[in-house]
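Same order as they appear, the protein sequences are chains A and B. When we follow my numbering, the leftmost residue of the first sequence carries the number 1, and every step to the right adds one. When we follow my numbering, the leftmost residue of the second sequence carries the number 1, and every step to the right adds one.
Careful, some of the hints might be misleading.
Claimed, not checked - Quick list of simulated restraints, FRET-style, between CB atoms: (1) B:171 / A:516: 45 to 53 Å; (2) A:556 / B:171: 52 to 60 Å; (3) A:602 / B:82: 21 to 29 Å; (4) B:116 / A:397: 20 to 28 Å; (5) B:116 / A:516: 29 to 37 Å; (6) A:405 / B:8: 22 to 30 Å; (7) A:526 / B:102: 15 to 23 Å; (8) B:109 / A:564: 44 to 52 Å; (9) B:82 / A:556: 40 to 48 Å; (10) A:448 / B:82: 19 to 27 Å; (11) A:516 / B:158: 42 to 50 Å.
Calculated directly from the structure, the hints in this document are not laboratory data. The beta carbon of each residue, even a glycine, is placed where N, CA and C say it ideally should be.
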Amino acid sequence: MVPEIGHFALVLAFAVSICLAMFPLYGYLTSQDGFCATAKPLALLQGLALAVSFGVLMYGFLVNDFSVKYVADNSNIDLPWHFRMSAVWGAHEGSLLLWSLILAFWGVAVALFSRGIPDHMSALVLSVMGMISVGFLAFMLFTSNPFVRILPFAPGNGADLNPLLQDPGLIFHPPMLYMGYVGLSVAFAFAMASLISGQLDATWARWSRPWTTVAWAFLTFGIALGSWWAYYELGWGGWWFWDPVENASLIPWLVATALMHSLAVTEKRGLFRSWTLLLAIAAFSLSLLGTFLVRSGVLTSVHAFANDPERGVFILGFLIVVIGGSLTLYALRVAKVSEPGEFAYISRESFLLFNNLVLTVMAVSVLLGTLYPLLVDAVGGGKVSVGPPFFNAVFVPLTAILVSGMAFGPLTKWRQSDDPKLYRPLIITLIVSVLMGLGWPSLLVGSYSIGTAIGVTLALWLAIATAVDFGKKVGLYGGVTTTLNHVEKGMIGMWFAHFGLAVMILGVVMVENHTEHRDLRMGVGDAQRLDNYDVRMTDLVVINGPNYVADQATFEIYVDDQLFKTVTPQKRRYNVSGMVMTEASIDSGLTRDLYIAMGEPLGDGDWAVRLSVKPFVGWIWAGAFLMGLGGFISIMDRRYRRKLEVKKDEASGEEVPA
Amino acid sequence: MNRLMVWLPLGFFVILVGFFFRGLSLNPNEQPSALIGQPVPVFELTDLMTGERLTREQLPRQPFLLNVWASWCITCQVEHPYLTQLSKQIPLVGLNYKDTEIAAKNWLAKLGDPYALQIFDPTGRLGLDLGVAGAPETFLVDSKGVIHLRIQGEVNDRIYAKKVQPVFEMIQ
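All chains should be modelled from the sequences, with the hints used to inform the complete structure.
Here's what the structure looks like:
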């Protein structure tokens, strides 16, 4: 009975989403305020219905209701309760439900926080989001219903959750990622609303800016969590694999990054209007495309659960309607957009344009690399894989170009910025970063690495330039606290994000060039040395987990003959699925991670053991965290809390003092 | 803005959709290689596992499968369990393509090593001579070293039954 309530709520949400897609749009087109006014209540009702539906599915997992097929396929009596909760989004149907719930949640957020926006505009925005919701709910109800029952003979126990996903990382990674993916739908909906209404001035940019930033911040956290999870759970110790699914999240992130910067130009200067609209459409379209790639089975991936061509056809149809429709509307409307105002070759506008170009080229390269196997297949070339060599060859130089320019950007002024005095701080920055960057590799063990020197130089160049920009503002306002209180929060956010990127680059450069690896045969009593660590295997036992049996080794790590740490990596075999999983032991530190994983049993009680020292690997996620944090700081700005007043200030189109 | 330019994004998308649509309805279909009926090209490389010199003369004197793989290739990982199973009936020679020694050895240590021989080709020179477009690719070679079949992409039971087995029985 209870699952039927969830099923009913899902059908109700579908009906509501159809109304939400149609009524406000109809109201707008026929100028009937009554129809427009339905938008907010309908958005709230849809959110409520989906919350009920989602809650019921989660309840099914918690009480082990194996008469629900989805629960039976993805859970088990022995599964710990917190994994039973996260198992809700552990497979195709449930993650779609999460997707729809989050879309509805963003709709509710728009309905509640859009008081500063004219009613007809918020009605159009919610209507566009309703259309997207219709597509996803129809997809779920017709091809991937999570409430399908196995009756009258329900199985006594379930097939268990994929062991890869039995990890705390999975509890947070998908919701964060989806908050980002789906959050981009708000920027998309604002762009569509302004295209529908023909109101293509800079106002839509101001409205959609905080939404874009917050979606970007969630996406940043989501991708970082996914990468961290892959690092410690996939058991290989890598942090990025250029897997199609990873790329599917990176591409929208790159475009959303470009969009954030281009929105700034459109809001402050009224320029790049049609380009910004296109980016807003592209960012969300690429999120949808990512979903298609993951769910349809057109690409092979380690993540691809539930590959099904029929579902692929449905998603493709949906993509054609959403992306094709929005791009057609774009083409019809945007030809009329005029781009007022001019800017000099050296100006903040130019630097942001440069940023956009590089980010777009990056996104397109990753997209083409990801799709290449598909393109080759479609013209009859068979199935091939494009590996990391391609992506690294393209991505690394483009990042270097981007970072070189990032130091200049914040120092520039709008319109014209060719006064050499502005860039004087960069001379010091350049000298310091090059000297330290070139010196850095000689502090390390092993031969001098020119790649490390260049990478560290770039990271320092960006970090120091960001600090210099901050220092300049502190000088201007006379104190750190006054500065933080007076500058726009967006600027503080930018410092965090740019500095975070520098931190991340340092981590990537170090881990990619200086990881020390040893694959060894070890038994109890054996000792090995790696870097300045003596690693001794002291014990090997079999332990019984709740739903697995594990071989667990104990390693004592000594530094200078002092016991530094004892770790216990495991090799688990899950009872139901029979899948074998590596639980690596990682000792995380500020400047290095010590990574110990068990490989295969080699007989005589010996195991293949992988020991790695990964310098600065934690900086990758620390940097990503700073970037995401910067996004959240940006939206704390006063003007987003007092929209109406600020709107009056900015109505003149003049630049707001920083 | 230019009237034609604004349609470009849509045009780009339409082309993509065309590819996606084919991608959905398409099975891996192989192109005949120019090397069919030709001997395996001459090479002088090393054995990945032993580091010793390897040439064409050391290839098995019976029909075998030459599998091009790399640790960075995800499809290779997908077909690996099936190849392992297959290696009981038909010898398997690996061509480790554009890879690093450590990554390749780790991959084999992790997933198992069903290969009778492992040619280490980090620069992809032999791959180039074989006309390899990417990994994985698999060639069926007879006892005289002549290539009879080329499979681009994953080898699985369906592909094996349909393409490989008839030719294998013929050359045996």
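Against the structure, the hints:
| no. | hint | in the structure |
| --- | --- | --- |
| 1 | B:171 / A:516: 45 to 53 Å | holds, 47 Å |
| 2 | A:556 / B:171: 52 to 60 Å | holds, 57 Å |
| 3 | A:602 / B:82: 21 to 29 Å | holds, 25 Å |
| 4 | B:116 / A:397: 20 to 28 Å | violated, 41 Å |
| 5 | B:116 / A:516: 29 to 37 Å | holds, 32 Å |
| 6 | A:405 / B:8: 22 to 30 Å | holds, 25 Å |
| 7 | A:526 / B:102: 15 to 23 Å | holds, 21 Å |
| 8 | B:109 / A:564: 44 to 52 Å | violated, 27 Å |
| 9 | B:82 / A:556: 40 to 48 Å | holds, 41 Å |
| 10 | A:448 / B:82: 19 to 27 Å | violated, 45 Å |
| 11 | A:516 / B:158: 42 to 50 Å | holds, 43 Å |
Hints 4, 8 and 10 from the earlier list are contradicted by this structure; the remaining hints agree with it.
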